[in-house]
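*Asks:* So the chains spell out like this:
4 protein chains.
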Amino acid sequence: MTLLADLLSTVFERRYRRDASDTALDGRPLTELATALVGSAGETSGLALGSEILSRFAQLEDGDKLAFFRDIATTMNIDPERVRSTLDDYERAPSKASYRAFAEAAEPARQEMVRRLNRVPGATGALVQMRADLLRLGGAEPELQALDLDFRHLFASWFNRGFLVLRPISWESPAHILDKIIAYEAVHAIDSWDDLRRRLEPTDRRCFAFFHPSMPDEPLIFVEVALTKGTPGSVQALLAEDRDAMPEDAADTAVFYSISNCQAGLASISFGNSLIKQVAADLAAELPGLSNFVTLSPIPGLTKWLDEVGLDWSTEDPDNMRALAAHYLLKAKSRGGLPYDPVARFHLGNGAIVHAVHADADISDKGRAQSGGAMVNYLYDLPRVAANHENFANTRDVVATSDVQSLAEQIAFSTTDER
Amino acid sequence: MTLLADLLSTVFERRYRRDASDTALDGRPLTELATALVGSAGETSGLALGSEILSRFAQLEDGDKLAFFRDIATTMNIDPERVRSTLDDYERAPSKASYRAFAEAAEPARQEMVRRLNRVPGATGALVQMRADLLRLGGAEPELQALDLDFRHLFASWFNRGFLVLRPISWESPAHILDKIIAYEAVHAIDSWDDLRRRLEPTDRRCFAFFHPSMPDEPLIFVEVALTKGTPGSVQALLAEDRDAMPEDAADTAVFYSISNCQAGLASISFGNSLIKQVAADLAAELPGLSNFVTLSPIPGLTKWLDEVGLDWSTEDPDNMRALAAHYLLKAKSRGGLPYDPVARFHLGNGAIVHAVHADADISDKGRAQSGGAMVNYLYDLPRVAANHENFANTRDVVATSDVQSLAEQIAFSTTDER
Amino acid sequence: MTLLADLLSTVFERRYRRDASDTALDGRPLTELATALVGSAGETSGLALGSEILSRFAQLEDGDKLAFFRDIATTMNIDPERVRSTLDDYERAPSKASYRAFAEAAEPARQEMVRRLNRVPGATGALVQMRADLLRLGGAEPELQALDLDFRHLFASWFNRGFLVLRPISWESPAHILDKIIAYEAVHAIDSWDDLRRRLEPTDRRCFAFFHPSMPDEPLIFVEVALTKGTPGSVQALLAEDRDAMPEDAADTAVFYSISNCQAGLASISFGNSLIKQVAADLAAELPGLSNFVTLSPIPGLTKWLDEVGLDWSTEDPDNMRALAAHYLLKAKSRGGLPYDPVARFHLGNGAIVHAVHADADISDKGRAQSGGAMVNYLYDLPRVAANHENFANTRDVVATSDVQSLAEQIAFSTTDER
Amino acid sequence: MTLLADLLSTVFERRYRRDASDTALDGRPLTELATALVGSAGETSGLALGSEILSRFAQLEDGDKLAFFRDIATTMNIDPERVRSTLDDYERAPSKASYRAFAEAAEPARQEMVRRLNRVPGATGALVQMRADLLRLGGAEPELQALDLDFRHLFASWFNRGFLVLRPISWESPAHILDKIIAYEAVHAIDSWDDLRRRLEPTDRRCFAFFHPSMPDEPLIFVEVALTKGTPGSVQALLAEDRDAMPEDAADTAVFYSISNCQAGLASISFGNSLIKQVAADLAAELPGLSNFVTLSPIPGLTKWLDEVGLDWSTEDPDNMRALAAHYLLKAKSRGGLPYDPVARFHLGNGAIVHAVHADADISDKGRAQSGGAMVNYLYDLPRVAANHENFANTRDVVATSDVQSLAEQIAFSTTDER
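Residue numbers (full-length UniProt numbering), protein chains in the order written: chain A, 1 to 419; chain B, 1 to 419; chain C, 1 to 419; chain D, 1 to 419.
It is worth saying that the hints were derived from the structure and are not from the lab. Remember, predicted model here, so these are calculated numbers, not experimental data. All C-beta atoms in this analysis are idealised placements derived from N, C-alpha and C, irrespective of residue type, glycine included.
Here are some, though not all, of the chain C residues that point toward chain D, as calculated from beta-carbon distances under 7 Å:
#: 1; residue: Arg119
#: 2; residue: Ala146
#: 3; residue: Leu149
Cross-link-like lysine-lysine pairs, in silico, DSSO-like; alpha carbons within 30 Å at most:
#: 4; chain 1: B; residue 1: Lys331; chain 2: B; residue 2: Lys304
#: 5; chain 1: B; residue 1: Lys65; chain 2: B; residue 2: Lys180
#: 6; chain 1: B; residue 1: Lys366; chain 2: B; residue 2: Lys304
#: 7; chain 1: B; residue 1: Lys96; chain 2: A; residue 2: Lys304
#: 8; chain 1: B; residue 1: Lys96; chain 2: A; residue 2: Lys333
#: 9; chain 1: A; residue 1: Lys366; chain 2: A; residue 2: Lys304
#: 10; chain 1: A; residue 1: Lys180; chain 2: C; residue 2: Lys180
#: 11; chain 1: C; residue 1: Lys366; chain 2: C; residue 2: Lys229
#: 12; chain 1: C; residue 1: Lys96; chain 2: D; residue 2: Lys304
#: 13; chain 1: D; residue 1: Lys96; chain 2: C; residue 2: Lys304
#: 14; chain 1: B; residue 1: Lys304; chain 2: A; residue 2: Lys96
#: 15; chain 1: C; residue 1: Lys333; chain 2: D; residue 2: Lys96
#: 16; chain 1: B; residue 1: Lys180; chain 2: D; residue 2: Lys180
#: 17; chain 1: A; residue 1: Lys304; chain 2: A; residue 2: Lys331
#: 18; chain 1: A; residue 1: Lys65; chain 2: A; residue 2: Lys180
#: 19; chain 1: B; residue 1: Lys366; chain 2: B; residue 2: Lys333
#: 20; chain 1: D; residue 1: Lys96; chain 2: C; residue 2: Lys65
#: 21; chain 1: D; residue 1: Lys333; chain 2: C; residue 2: Lys96
#: 22; chain 1: A; residue 1: Lys65; chain 2: B; residue 2: Lys96
#: 23; chain 1: C; residue 1: Lys65; chain 2: C; residue 2: Lys180
#: 24; chain 1: D; residue 1: Lys65; chain 2: C; residue 2: Lys96
#: 25; chain 1: A; residue 1: Lys96; chain 2: B; residue 2: Lys333
#: 26; chain 1: D; residue 1: Lys333; chain 2: D; residue 2: Lys366
#: 27; chain 1: B; residue 1: Lys65; chain 2: A; residue 2: Lys96
#: 28; chain 1: A; residue 1: Lys366; chain 2: A; residue 2: Lys331
Could you put the whole structure together from the sequences, leaning on the hints where they help?
*Replies:* Right under this line is the structure:
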């Protein structure tokens with residue numbers, strides 16, 4: 001990674017320097033600079049302006065950041081009258097010029113502002129951080145939500161799957177990347193470098209992350225994988241400090257036991273689907289003995305939903321806990337008929353199916369609190385993933401093994417979620 | 001480069017394979033697949049569709065390519081009524097939803113098609129090639145020019161300067177890259193590997209190219225540089241087979257003697273300005289003895305203009321040729337008051353000035369034909385480049401040394417270009 | 001490093017596999033295999049033999065290792081009669097054949113054994129480990145000391161300075177290398193990853209190590225450097241957890257505050273001299289503001305010597321402690337007139353001089369115990385290092401600043417070390 | 001490769017600079033400097049001396065080089081009296097000290113000289129070149145042959161197989177390496193970059209070379225491989241300009257059709273055996289469809305031997321030419337019963353067998369002259385290579401297919417070569 005960072009970023013990094021002529025920037029308000037950037041005829045002053053805007057923004061207090069967002073959300077919005085008139089002109093006489101005029105009118109100037117900011121060396125990461133600020137501060141203001149859609153539109157294009165790079169993360173990876181893996185792990189916290197090492201170094205453990213060439217020191221999303229014999233039923237066993245590692249070619253199963261998004265500023269830009277499929281395909285190619293690709297996933301909404309619908313649960317009764325979990329995964333629905341559980345939505349949407357549920361499978365405080373210790377295996381049956389995916393997209397039916405279906409039927413409770 | 005290519009592309013390349021379920025694609029027309037791609041709910045089938053579209057398109061005859069472009073230019077265009085109604089909705093009640101509806105309506109579906117195609121491993125280069133086909137075949141049809149604006153809009157975002165990587169090209173570079181340097185050289189043809197070697201291997205020669213991480217084997221633009229003592233007045237001297245190389249730290253001048261764009265499909269996406277400035281800055285940092293950054297540039301429009309305005313010229317009269325060249329560079333104007341000469345427009349627009357003109361400076365057939373053998377040095381005075389650039393953008397005044405001005409005055413001819 | 005490791009070792013690693021025909025090896029004693037290896041006509045069976053020997057040796061108990069060493073020390077020693085007769089032949093009729101016969105007779109077969117073992121992929125590290133075992137177990141047995149001289153002779157050739165690679169160690173280095181830096185630090189223990197990070201990540205800290213291409217995951221020796229303004233007088237200040245880092249270009253001094261050899265099996269193969277000089281030269285080239293290259297070194301033999309010669313010392317009296325330290329460094333001699341202190345011998349032998357001594361400079365338990373908390377700066381005055389080195393090699397005079405000389409004079413004690 | 005070169009050599013390259021104190025070296029004769037180098041107490045002056053010796057030597061005329069070799073061959077030879085006395089001492093009282101004294105006496109000082117020269121950055125390549133000069137100039141002088149044995153002894157240790165790196169050579173390799181491949185090809189000359197490209201770029205062509213980390217820009221030996229269906233019978237077909245390439249996974253046979261040693265200074269340091277076996281093993285792992293590993297080899301001694309023994313031959317009679325070739329390969333013996341043909345000695349010694357012979361298989365001028373156009377396939381039957389090797393080493397029997405044996409029997413001629 002260091003090398004990649006080197007190749008990709010030192011070229012530009014720290015090269016741009018404000019020169020004497022830039023002092024003119026000093027006194028001017030940030031929004032004025034942003035307006036100038038969009039109007040900037042030339043690349044040179046554009047770089048000076050862009051660099052100034054990014055560095056000033058980064059130092060603002062939250063209140064001033066919010067004010068800046070509101071400013072550009074309104075002053076750099078589309079002008080409906082101009083959209084209408086250019087559209088009329090284009091409809092009357094379609095030409096390169098009339099189409100260009102419409103296209104420019106229909107896109108708010110703030111999109112062009114973000115693109116021009118991105119010309120500054122190292123800007124991509126700064127813009128991702130800027131959107132993280134916007135999401136954190138913007139709340140439900142319609143103008144700011146619209147502004148966020150513009151960021152998201154651009155980021156979906158820039159972080160297009162075709163531009164991402166999959167990299168293994170191992171105990172031989174650079175420490176500053178591993179440091180971020182520790183910080184970003186969102187499912188089963190990594191509490192020390194020794195804990196990290198136990199997840200990376202053994203022959204039966206793997207980790208993979210997506211990177212973007214313009215942010216080579218920042219993982220975007222990563223997945224931790226355990227190679228096992230058979231499908232595991234608890235995360236405690238997987239992460240036990242004193243377990244013996246297995247030779248990698250003795251494994252028949254790859255378990256995706258933790259998937260973490262790393263960048264708040266890339267919310268709603270989906271990488272997880274691609275990540276799991278690529279990692280599964282790569283592992284299948286590397287280790288022909290693998291025939292089984294499953295997750296060991298949390299059920300984050302279980303106890304919340306049980307409490308909502310008034311079903312009793314107790315970690316003391318594991319059989320009932322399993323049945324409740326099965327019932328919840330198959331029956332609890334959210335708006336539009338999608339599963340109530342966000343992790344279920346993700347994996348089922350990817351084309352996985354519900355394979356097995358386990359009680360006492362995550363006995364950490366967090367695991368007990370969110371799901372009474374229950375966990376679930378989603379199965380990625382590679383030859384059927386595409387068909388499952390299509391089917392789920394069309395019907396929203398939750399496919400599960402007959403065991404899980406039987407479990408779910410044990411709960412005599414019927415809910416129609418009307419949200 | 002091999003390594004970079006390796007890191008960046010082997011991850012994805014050749015990984016996607018059509019599987020059995022994709023046979024459904026076989027009989028369907030290309031435009032239908034394109035429509036399905038834009039509507040595709042899921043990433044999985046999107047990849048299969050996208051891959052099929054790209055590989056089928058690449059095998060089409062020109063007539064069929066043109067038909068495909070016309071199809072998507074019309075069937076995937078904006079729908080004015082939908083733009084108007086979503087705009088009305090948004091104006092009436094600005095919200096995240098109404099803004100999103102408008103934004104989706106105002107952007108033609110073909111843009112989303114191109115973005116989804118780009119998810120396929122290796123697609124970026126294929127899409128650049130697709131636009132090259134469009135430019136070659138599209139002519140002046142307004143619908144196809146509009147389609148091209150959509151490509152250009154996306155490419156300007158993807159090939160944003162912040163995403164490019166500057167790489168030195170040397171005799172130690174991979175042969176398949178050097179092969180492309182030979183093929184793409186557009187100013188002074190490289191006629192053999194030995195010729196190439198003379199431009200790369202000596203201590204007083206350099207070459208640099210921009211690359212995009214998703215097309216790591218394809219230079220986008222490159223510049224050839226000679227390190228010299230003093231400003232050279234002919235390209236023959238620079239490229240002489242039997243010249244003695246100079247130690248790099250004896251040089252006081254860096255001469256940009258050839259700049260070539262490599263990708264027809266990236267026409268109008270400007271890289272040259274950034275390239276020259278970065279290379280100048282890098283060389284200045286590496287070799288503190290350099291104090292002079294000039295070009296040795298062709299004057300491609302000179303004889304054509306002289307013939308147009310009826311001025312006599314002859315390569316037999318070098319003094320007059322220099323004066324004519326100076327006059328042309330300073331006085332001949334194109335539409336909007338910009339210089340008539342395209343190379344002059346480029347360098348003056350970058351913030352360079354006209355430094356010196358030379359007769360008998362390019363005595364190749366091409367050089368004699370286009371400029372009577374005359375060439376020009378543009379000077380990049382780094383501390384003044386930004387100010388020059390601003391000044392030229394505002395006034396279109398051509399700044400030249402007093403010598404060149406005096407030369408230009410020797411021609412008693414006045415023209416007002418009325419185009 | 002991962003990359004280097006990759007390039008250099010995956011080529012061979014894990015490629016050699018015992019095949020069916022190798023089962024013949026199974027029952028035979030290790031020494032018999034070693035004898036067969038030296039006699040092995042062909043490379044193929046040599047690899048099988050070598051691989052078997054290395055893997056079996058690694059699994060032996062200490063007693064069996066010692067037995068193996070004794071075996072080869074005697075059975076693979078020179079044959080004096082054969083040396084004499086081939087020498088006679090050569091003297092009588094010098095020829096290619098007679099010289100070859102003598103050279104083969106004069107070199108014990110165990111050297112050839114070690115060279116042949118080294119053909120096995122990954123063997124270099126295993127052989128370094130084998131010598132570590134020999135040094136640990138061999139004691140003062142003359143035969144084993146002679147065997148060790150053979151190892152050392154070969155290693156001096158293989159680990160020739162011209163084959164070593166200097167690499168910066170930073171917070172971006174691979175974790176498995178950093179893990180070894182923590183383990184191998186021999187001067188000021190690194191007690192956690194956070195402690196390590198404080199020594200690597202700040203702008204004013206550096207670390208460099210020598211590697212051998214055949215052991216790319218194993219540092220051979222490393223040095224930790226602090227960039228400072230002025231010469232520091234205590235290691236506590238350098239390593240303080242809460243200190244503020246300084247921009248690297250504000251520093252005028254590079255302080256080598258810790259040098260650790262990593263490989264017990266490379267004892268007496270000297271790298272430190274080269275390391276310090278290369279690092280000093282590289283830092284001087286990178287940071288022109290550096291004008292001062294000093295160590296902050298322990299004085300490991302101080303209290304032991306003071307006790308031996310009966311001089312009272314106390315950490316409560318820092319002025320006296322400094323004077324005692326100065327006196328010791330300048331006056332205490334070991335066999336042959338060299339300084340008594342091993343660290344002093346090393347740096348003075350490299351061409352450094354005694355620059356300053358400090359009390360309360362290392363208040364750790366170890367620092368107090370070995371030197372009453374005193375430390376010393378050795379100065380590497382680059383333009384004078386070669387002359388100092390020559391002078392010390394010839395005269396063994398300890399050069400020191402006048403301050404240190406005056407301090408040393410305060411101690412009215414005269415010793416003539418007669419060892 | 002550029003990267004490897006970069007990692008491994010820029011560290012040291014061009015770092016060592018003579019400083020002012022080195023002017024003392026200027027007037028002294030080269031042999032005097034060599035003597036001083038061996039006696040040099042310190043590394044610092046050793047580097048200055050070594051660097052001076054290497055750069056001066058490289059500029060000598062051949063006569064002066066020869067004089068230098070004669071000087072060190074005699075003045076730095078062993079001293080028999082000292083060898084005898086230290087041997088007596090050691091025999092009388094074996095100890096570390098007495099063994100060291102003997103070992104130092106028994107090794108000529110010129111070996112230590114070469115080792116010390118090798119400490120200079122970049123010296124390894126210069127020393128290989130020095131030995132090439134020695135072999136070229138030394139002739140049959142016994143002293144110089146003995147000197148060469150010392151070089152060879154050291155080089156065998158430094159270029160130990162465990163230190164070599166196998167690298168694929170492809171059309172993506174650095175041009176300066178490919179340039180050397182063109183220059184060093186010794187079997188079937190590469191007459192242009194296009195010819196080279198035809199041997200590297202197609203999917204069914206491969207090339208591999210061994211490198212040493214200290215000479216990263218210099219291949220040591222390389223092999224060119226064609227992937228084919230079936231065993232090819234002529235090199236013209238393999239190298240045809242207009243042939244169609246085959247997908248790599250359609251091949252069942254890997255043909256080693258050219259093996260070239262690159263460094264005259266590494267004569268008698270054998271790499272070819274390792275190279276073929278590693279390449280065969282790597283290809284077998286990469287392409288499971290390969291089941292056949294053969295050479296298409298020249299028969300360089302055929303016509304010379306036929307002329308010597310008075311057997312008529314003509315390229316006009318291919319059937320007879322094949323029989324003669326088979327007979328020669330199986331029956332013609334050199335000193336000690338080894339095959340007369342050097343290429344046969346190499347491959348049979350590696351464990352290959354004679355698989356087939358072909359007439360009209362190399363119709364180049366060189367091919368007709370040396371073997372009447374005949375060529376031979378040697379077969380590397382991987383599971384049997386080790387046994388074949390042992391068998392040949394013990395019995396010198398040439399194993400061949402029954403077809404080749406029958407062919408050989410057609411020639412009614414019996415020779416017992418008594419050389």
